[in-house]
Structure formats: C-alpha cells, structure tokens
Amino acid sequence: MLSREKEAMKSHPDWLQSYIDSPEKQQKLYRQTLLIVVISQIFGGAGLAAGITVGALLAQDMLGTDSFAGVPTALFTLGSAGAALLVGRLSQRFGRRTGLATGFLVGGAGAIGVILAAIIHSIPLLFASLFIYGAGTATNLQARYAGTDLATSRQRATAVSIALVSTTVGAVAGPNLVDVMGRFAASINVPALAGPFILAAAAYILAGLVLLAFLRPDPLFIATALADYQKMKDVNPLENDYKGMAINKRGIVAGATVMILTQIVMVAIMTMTPVHMGHHGHGLSEVGMVIGIHVGAMYLPSLITGVLVDRLGRTIMAIASGITLLSAGVLAAVAPADSMLGLIIALALLGLGWNFGLISGTALIVDSTNASTRAKTQGTVDVLIALSGASGGMLSGMVVAQTSYATLSIVGGILSLLLIPFVIRAHSKKMLG
Numbered sequence: 032m033l034s035r036e037k038e039a040m041k042s043h044p045d046w047l048q049s050y051i052d053s054p055e056k057q058q059k060l061y062r063q064t065l066l067i068v069v070i071s072q073i074f075g076g077a078g079l080a081a082g083i084t085v086g087a088l089l090a091q092d093m094l095g096t097d098s099f100a101g102v103p104t105a106l107f108t109l110g111s112a113g114a115a116l117l118v119g120r121l122s123q124r125f126g127r128r129t130g131l132a133t134g135f136l137v138g139g140a141g142a143i144g145v146i147l148a149a150i151i152h153s154i155p156l157l158f159a160s161l162f163i164y165g166a167g168t169a170t171n172l173q174a175r176y177a178g179t180d181l182a183t184s185r186q187r188a189t190a191v192s193i194a195l196v197s198t199t200v201g202a203v204a205g206p207n208l209v210d211v212m213g214r215f216a217a218s219i220n221v222p223a224l225a226g227p228f229i230l231a232a233a234a235y236i237l238a239g240l241v242l243l244a245f246l247r248p249d250p251l252f253i254a255t256a257l258a259d260y261q262k263m264k265d266v267n268p269l270e271n272d273y274k275g276m277a278i279n280k281r282g283i284v285a286g287a288t289v290m291i292l293t294q295i296v297m298v299a300i301m302t303m304t305p306v307h308m309g310h311h312g313h314g315l316s317e318v319g320m321v322i323g324i325h326v327g328a329m330y331l332p333s334l335i336t337g338v339l340v341d342r343l344g345r346t347i348m349a350i351a352s353g354i355t356l357l358s359a360g361v362l363a364a365v366a367p368a369d370s371m372l373g374l375i376i377a378l379a380l381l382g383l384g385w386n387f388g389l390i391s392g393t394a395l396i397v398d399s400t401n402a403s404t405r406a407k408t409q410g411t412v413d414v415l416i417a418l419s420g421a422s423g424g425m426l427s428g429m430v431v432a433q434t435s436y437a438t439l440s441i442v443g444g445i446l447s448l449l450l451i452p453f454v455i456r457a458h459s460k461k462m463l464g
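Going by the numbering used here, the sequence shown opens with residue 32, and the numbers climb by one from there.
These are computed hints drawn from the structure, not numbers from a lab.
Check each hint, because a few of them may be wrong.
[Said to hold, decoys possible] Simulated pairs of lysine to any residue, SDA-like, Cα-Cα distance not exceeding 25 Å:
#1 Lys280 x Leu343
#2 Lys407 x Pro248
#3 Lys59 x Asn401
Fair warning: this is a prediction, and the values are worked out from it, not measured in the lab.
Given the sequences, and given the hints that come with them, work out the whole structure.
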C-alpha cells in the first residue's frame, strides 16, 4: 500500500498534490468555485432571458406569421445542443474554465448577430445568429456541473441548486427589462424587439470573462487528480467520494430521461405563451412579467429543491416534477386568455416542475459518472436535452397554428405523466439512488 501511495504522489506536481493531501483545501476550492459560478450565472441568466422572452415575438414580426413563431426557440435550443457537446468536450480536455468561458463568449457573439439581423431585416442572419446564441443557453446549464466537481455525494444536489438559484437574479431581471431595453434600442435606431438581445450580448460576454479570469485552479482537474490518486492507492470505493468508480449507465439513462421529458414540456408551453398573450391584448410589459415569474420559478426554488433531492431522494422529486408539470398544463389550458393571474400561476408551476426534474436528473447523472469522463458524458446528455427542447419549440408553433394553445398545454401535461411510471419502474430495479 505504501509503495502505491508513493507512486501516486510522484505522478502529480506539488501544487496539485497539496489539494490531494488536504480535504480542507478541497472544500475551500469547492466554495470558491461555487462563488465564481454564482457570479457568472447571474450574468448568464440575464443573457438567456432575452431569447425566451422576445425570440418568438421577433420572428413573428419579421416573418409575418405565427406558424414559425416556435422556430427561434427551436434554433437557439438546437444551437445549444451542438454547444453542449462542444463545451463538454472542451471542459473534459482543457477544464471547466476553458469550456464554459468559450460557450458564453460564443453566445454573446450570437446575440450581437441577432441585433444586426433585426436592423437589416435579414431572416437568414436572424436564424443563423439564434443558432449561435444557443451556445449561451447550453453553457448556462453546463455551469451547474462545475459546482459538483469537488462536492461529496451528500452535497451534489445542493451544489447544483446553488448554481441554478444564482441564475434567478439575471433571468428574472431580463424579462422585466424588456420595455426598458426596447426603448433604449429604439433610441439608437434599433428595432425595439431586439433590445433585450443588447442586454444578452453584454451579459454573456461578462459571464465568459468572469470564468476566464477567476475559475482557477480548475475544479475538474482537481477532481480528476483526486480520482486517479485514490484509484492508484486502491482505496475502498465505499470510503471515498472521489474513487474512480465505474460508470452507471442505468443511472445516466434515468437522469437523462427525466430531464428530456421536463425540457420538452416546459419549452413547448413557454415558447407559445408570449404569442398567445399577444393575440389576446397583452402588452410587452405583461409578457415580460409572466415570463419573468416563470423563469424565477425555474431557478429560485433551487436551494430548497436541492435539499429535498438530497434528503428525500431522486425518485420522489422526479415524480413531483411530473405531477407539477401536469398541473401547469391543465391550468394553462383552462385559464381565461385575458386572465393574468391564471397565466402567472400556470407558468410558475411550469417553471417549478422543470426545476424539480432538472435537479433530480442532474444529481442522477453526477452520481452515475466519474471525474475522468464526467464532463464529456454531461455534455452528451445535455445535447439530448437541448434537442428535445428544440423539438418542443419547433412543434409548439405548428400545434398552436393547427389547433390551439389549450391543446398544446393539455398535450404537454399528459406527456409529463410519462415520468411517473418510468421513475417508479427504474426505482424498483434499483436504478435510482
């Protein structure tokens, strides 16, 4: 055993070995990493809010039809799928700092492209830029994993929740600044609906610069070194959270399925809500309020959700996600179109159900991977989540154009019920933790 330990110590530089030898330094870096992630997520939240608040309205205005109002959400969600894969690969090879900073900076460039497309009224440039803008959305979600790299098994869901809740500040402020940014855009001869993308460009670029400057040392490198060191020492896996454990493929499938279904339902209903409201006389400020509350419900409950996932288990909270999303779909369908209160409650429940699913599913993914392949696996899973969101966004406009917003909401609610038999079956086979 001593010879194995000496061999392991020689394989790392002194600064890295100091983290391996000191649980106190590991926890200090864990807290430092969370702080940097929190700061970047505040900016990132403001960036992602632009697309979901006015993306569909901008496309509707430029295309002159509702049938393709879901295309912007589909495009930036599809772009986020490719970006999730890129950010995951970059993070695995070069660390979280490089991967996340690159994703945010690319997202900022996409937002600038959307602004230019609105100015020159170019549909091809709008669609291409929305695709690139999706990199910010993917990175905003990928950042939640950075906080878990040095977390113990009893801290993981809580670490995810801290990263997510910090997004609330920017994500709630963004939609409520629609009118302000619209007036600012008009004052500089930019179409008002492109105003929120000015905020998105600045926010994403700032998020990338924060990570680039301050996410040091890289938490994923430390976590990988800890896993390698413990593996060389042949430590009992039950006694160490950083053991290079085998990948639990069943757990990955379970976590991915929970997040995919919640993403489809949430994106589909959320995408068409601003259009639905516009058809029934609601103005931009009212749209911004509803979407702001929705986004707040997506992220603000995260601290409580993280504790519940760690204490009650992944299964119970995944089931809670399905029930909450069903309630949201039913209420959105039956609420009077001119009722702000009904729409606010429905969209708040929609965000809350998504929150339950994302945190329970993310915890499952982290539980089921090891540090040497974690970022790559997480990126691949987020690709599937993004693709499902793109499908939901694309189909939502077509469903509403052919039927109604109420039909879309009911179908989404019923689809969310698929979570319940799946997670119960998975739990019975000990797939869930």
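For each hint, the structure was consulted:
1. Lys280 x Leu343: Cα-Cα ~22 Å, so holds.
2. Lys407 x Pro248: Holds, at roughly 19 Å.
3. Lys59 x Asn401: The given pair, whose Cα atoms are some 21 Å apart, holds under the 25 Å limit.
When the structure is compared with the earlier hints, no violation turns up for any of them.
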